[in-house]
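This is what each chain is made of:
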Amino acid sequence: MNKVVKNVYEAIDGIANNMTLMVGGFGLCGIPENSILALSKTEIKGLTCISNNAGVDDFGLGLLLKNKQISKMISSYVGENVEFERQLLSGELEVELNPQGTLAERIRAGGAGIPAFFVPAGYGTEVAEGKEVREFDGKMHLMETALKADFAIVKAWKGDTNGNLIYKYTANNFNEVMATAGKITIAEVEELVPAGELDPNCIHTPGIYVQRIFKGENYEKRIEQRTIKTQ
Amino acid sequence: MNKVVKNVYEAIDGIANNMTLMVGGFGLCGIPENSILALSKTEIKGLTCISNNAGVDDFGLGLLLKNKQISKMISSYVGENVEFERQLLSGELEVELNPQGTLAERIRAGGAGIPAFFVPAGYGTEVAEGKEVREFDGKMHLMETALKADFAIVKAWKGDTNGNLIYKYTANNFNEVMATAGKITIAEVEELVPAGELDPNCIHTPGIYVQRIFKGENYEKRIEQRTIKTQ
Amino acid sequence: MALDKNQIAQRIAQEINDGNYVNLGIGIPTLVANYIPSNVNVILQSENGLLGIGPFPTDENVDADLINAGKQTITYVKGAAFFDSSRSFAMIRGGHVDLTILGAFEVSEKGDIASWKVPGKMVKGMGGAMDLVSSAKNIIVAMQHTNKGQSKILKECTLPLTGVNCVKKIVTDIAVLEVTANGFKLLERAPGVSVEEIINSTEGKLIVEGEIPEMKLY
Amino acid sequence: MALDKNQIAQRIAQEINDGNYVNLGIGIPTLVANYIPSNVNVILQSENGLLGIGPFPTDENVDADLINAGKQTITYVKGAAFFDSSRSFAMIRGGHVDLTILGAFEVSEKGDIASWKVPGKMVKGMGGAMDLVSSAKNIIVAMQHTNKGQSKILKECTLPLTGVNCVKKIVTDIAVLEVTANGFKLLERAPGVSVEEIINSTEGKLIVEGEIPEMKLY
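Chains as they are written, first to last, in this note's numbering: chain A, 1 to 231; chain B, 1001 to 1231; chain C, 2001 to 2218; chain D, 3001 to 3218.
Some clues are possibly wrong.
Listed below are the simulated DSSO-like cross-link pairs for lysine-lysine, each with C-alpha atoms no more than 27 Å apart in a straight line [as the list claims (entries may be wrong)]:
| no. | chain 1 | residue 1 | chain 2 | residue 2 |
| --- | --- | --- | --- | --- |
| 1 | A | Lys139 | B | Lys1221 |
| 2 | D | Lys3078 | B | Lys1131 |
| 3 | A | Lys158 | D | Lys3078 |
| 4 | B | Lys1183 | C | Lys2124 |
| 5 | D | Lys3137 | A | Lys148 |
| 6 | C | Lys2124 | A | Lys45 |
| 7 | D | Lys3137 | A | Lys3 |
| 8 | B | Lys1068 | D | Lys3121 |
| 9 | C | Lys2121 | B | Lys1168 |
| 10 | C | Lys2110 | A | Lys168 |
| 11 | A | Lys131 | C | Lys2005 |
| 12 | A | Lys68 | C | Lys2155 |
| 13 | B | Lys1158 | D | Lys3078 |
| 14 | B | Lys1168 | A | Lys158 |
| 15 | D | Lys3124 | B | Lys1221 |
| 16 | A | Lys183 | D | Lys3137 |
| 17 | A | Lys131 | C | Lys2137 |
| 18 | A | Lys139 | C | Lys2110 |
| 19 | C | Lys2137 | B | Lys1148 |
| 20 | D | Lys3137 | A | Lys215 |
| 21 | C | Lys2121 | C | Lys2005 |
| 22 | B | Lys1131 | D | Lys3117 |
| 23 | D | Lys3078 | A | Lys3 |
| 24 | B | Lys1139 | A | Lys148 |
| 25 | A | Lys131 | B | Lys1183 |
| 26 | C | Lys2155 | A | Lys139 |
| 27 | D | Lys3124 | B | Lys1072 |
Hints listed in this document are in silico derivations from the structure and should not be mistaken for laboratory results. Fair warning: this is a prediction, and the values are worked out from it, not measured in the lab.
Using the sequences and the hints given, assemble the complete structure.
What follows is the structure, given as structure tokens:
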């Protein structure tokens, strides 16, 4: 059992045209920068990307959009990306918008072997179109289905050689849940330690979910809204 | 916002006849000993207890069974308790057995606002009786529904004054998930610290789920199967 | 005189009780945090995975790994907890957040809210708004009463909905309204704004009973 | 000669591959851990919330907060992770555990398993067995071939089922069987046990093709 791969290219090996990828992060926070950059240097096309957001024009998933490597996005909020809108309006890009909590839960369900479940979010809105509606306890709910991916790509703060992961602050976001729902899950981490060095009571992602792990490099960690205290 | 109560009696105040309680623990591991003992000294009767197990004859929920305070158990495994069997056969006690993972997921669903979901466990068995069956991806599933409780009673290792909890090793088990599904959640902890002393990246139960917290006393932590290495 | 954004936030802050767990949406709702009295202990939830938002950081304390749902850099308070998005929305969907405050384009007299999409404008997405409005115990909307003279307090929403039958209270630049089974009940008016002006600015059914007090901003 | 419990465990250990995540049930399956070769790196899952079960503790290291699903005191290995029951079964139900090894009262030729309830005997409950058998990628049953001369390898189970159409392989005291679409395929026989004896002990349809090798126990 050797999960540690040499570099990002070994990590993304096997990702191919028309596959479905989950990509962690919320906005630009906690995104797997190394893997996205490496993917942007390949010829892989036709990707379906499940990611809460679509990056900005020149960073994050925006890099793959610019190269027209993505044919479909499943997201909850995509408002920061001009190229995204252009491709959407021109019909080059398909987009499926999900309520953010429904998106997170669909991914959890994918990882947890639950093919479908009911939530109140979206009832009475266009999100409900085509979905089964059912009343429970006097409240209307939609049936939502699980999401899985060929590859889930996540970014963690610390990881060990068994694939156990710990995320930092709000850089966790969709990473932890996505790690459970990839047929193959790739984890890039800021710090890679031998098994046994992380507190076993404090593991966010147990290693069973991670098939490949590597230490990422040169994290830019770009900030979208640098907001500081006014004295 | 003062969640810290003086003692166990203040903690269980409001628990009344015929209520539904969730009680954490797996076997005798991680059970809320203080709260169970205090309940056993009250006259409260007719309780429905959701708990993976039913304790042993003279410890854990066995104490409430002996007093005939429990009228129904929702559990997955109850094989360690002779008095339990006697009451069940005599018709004094009703029992609903759930597959363990279904039980855990029903509780999670109760805490997470998901009224129903589909799982494969129990299809084709007596657990399926009366339940909706549906095929997803060629596999048969049962629809299971959420569980909630009037009070959830959990035991944690460390807690802070905001109600944040950390569990130790396998003493977590059903505690973390049950904490999310009580209208009122009571946490008894071995160590109670001021808010700010626990690592915010390592909180198992965020304080929002806990309404009352206190430092428990005299933990016996009885072991059911003391198994040691044979040299 | 109509309230400015900060005054709307100031008025909404009065709706928050000690011990509340509150989710503040982007825009005016975010400003509410500035007006919570120091003796009211409130824990702010950020749906990207934090319970216990603190003030904005100093320049030296900015951490790219610590942002709110509006993608702004923040800090966390003592006793905070971080978690992933599925657990964050489990918390929201499960009704554990006491109060959600968010903006809106339109609200209908049935409590429907439209807040995420304007046909013909750039598609942004609903983010967490649909989850929040379908699940919070109490939902207060912060919004402008009118847009270019057109009422946004309507009989029926005209824009794509975010949720139905969910808004409990609305604080606009000129009034505080409660959503009731019979229509919008006028609770308060902005200082210097007449009841007549509010009636004229409200397309949905407005219930005006007795003397309508002026909002107190403190 | 029929295998004893430890030999059944020993034979099953050969089914485990390097890097496997394995859930071992109570009884014979627990013994399998003793026979995993040291060059085969396996991580054992305990459904009460641990990935990385270690050996039983020394007397001084017993910790009441650290038990396996059989309620025995245990230790954990380096690189272990603890989690709650809902996450443990999310892991199981999601198919992340490579192999589940459990005991059974009966197995049918369709791969149905009965392992939790005997009418007339004390009710114990199914614990995690129904979740495990309905979700694991690979399920191996450790059991006695017969009980008081009666076959437990059946056309149809007679006892209440734990799961349907799920068992992949069976290791009994006298044989290794694979569950196929056409019935039980005899793969191996215990040392000194004849094919005829296995045929006579098997009520369900048994497929015997060619020479049936003896199990190798090492």
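27 Å limit on alpha-carbon distance, applied to hinted pair Lys3137/D and Lys148/A: holds, 17 Å
Pairwise hint evaluation, Lys1072/B against Lys3124/D, where the allowed Cα distance is 27 Å at most: It holds: about 15 Å lies between the C-alpha atoms, which stays within 27 Å.
Satisfaction of hint between Lys215/A and Lys3137/D, Cα-Cα up to 27 Å: violated, 30 Å
Agreement of Lys139/A and Lys2110/C with the hint, judged by alpha carbon distance not exceeding 27 Å: holds, 15 Å
Pair hint Lys131/A and Lys1183/B, alpha-carbon separation not exceeding 27 Å: The given pair, whose Cα atoms are some 30 Å apart, is violated under the 27 Å limit.
Pairwise hint evaluation, Lys3121/D against Lys1068/B, where the allowed Cα distance is 27 Å at most: holds, 23 Å
Proposed proximity, Lys3117/D with Lys1131/B (alpha carbon, max 27 Å): Given that 27 Å is the threshold and the Cα spacing comes to 20 Å, the pair holds.
Proposed proximity, Lys3/A with Lys3137/D (alpha carbon, max 27 Å): holds, 20 Å
Lys1168/B paired with Lys158/A [C-alpha distance capped at 27 Å]: holds, 21 Å
27 Å limit on alpha-carbon distance, applied to hinted pair Lys1158/B and Lys3078/D: holds, 23 Å
Hinted pair Lys1139/B and Lys148/A, Cα distance within 27 Å: Between Lys1139/B and Lys148/A the Cα gap is close to 16 Å, so the pair holds against 27 Å.
Hinted pair Lys2137/C and Lys1148/B, Cα distance within 27 Å: holds, 17 Å
Hints 1, 2, 4, 9, 10, 11, 12, 20, 25 from the earlier list are contradicted by this structure; the remaining hints agree with it.
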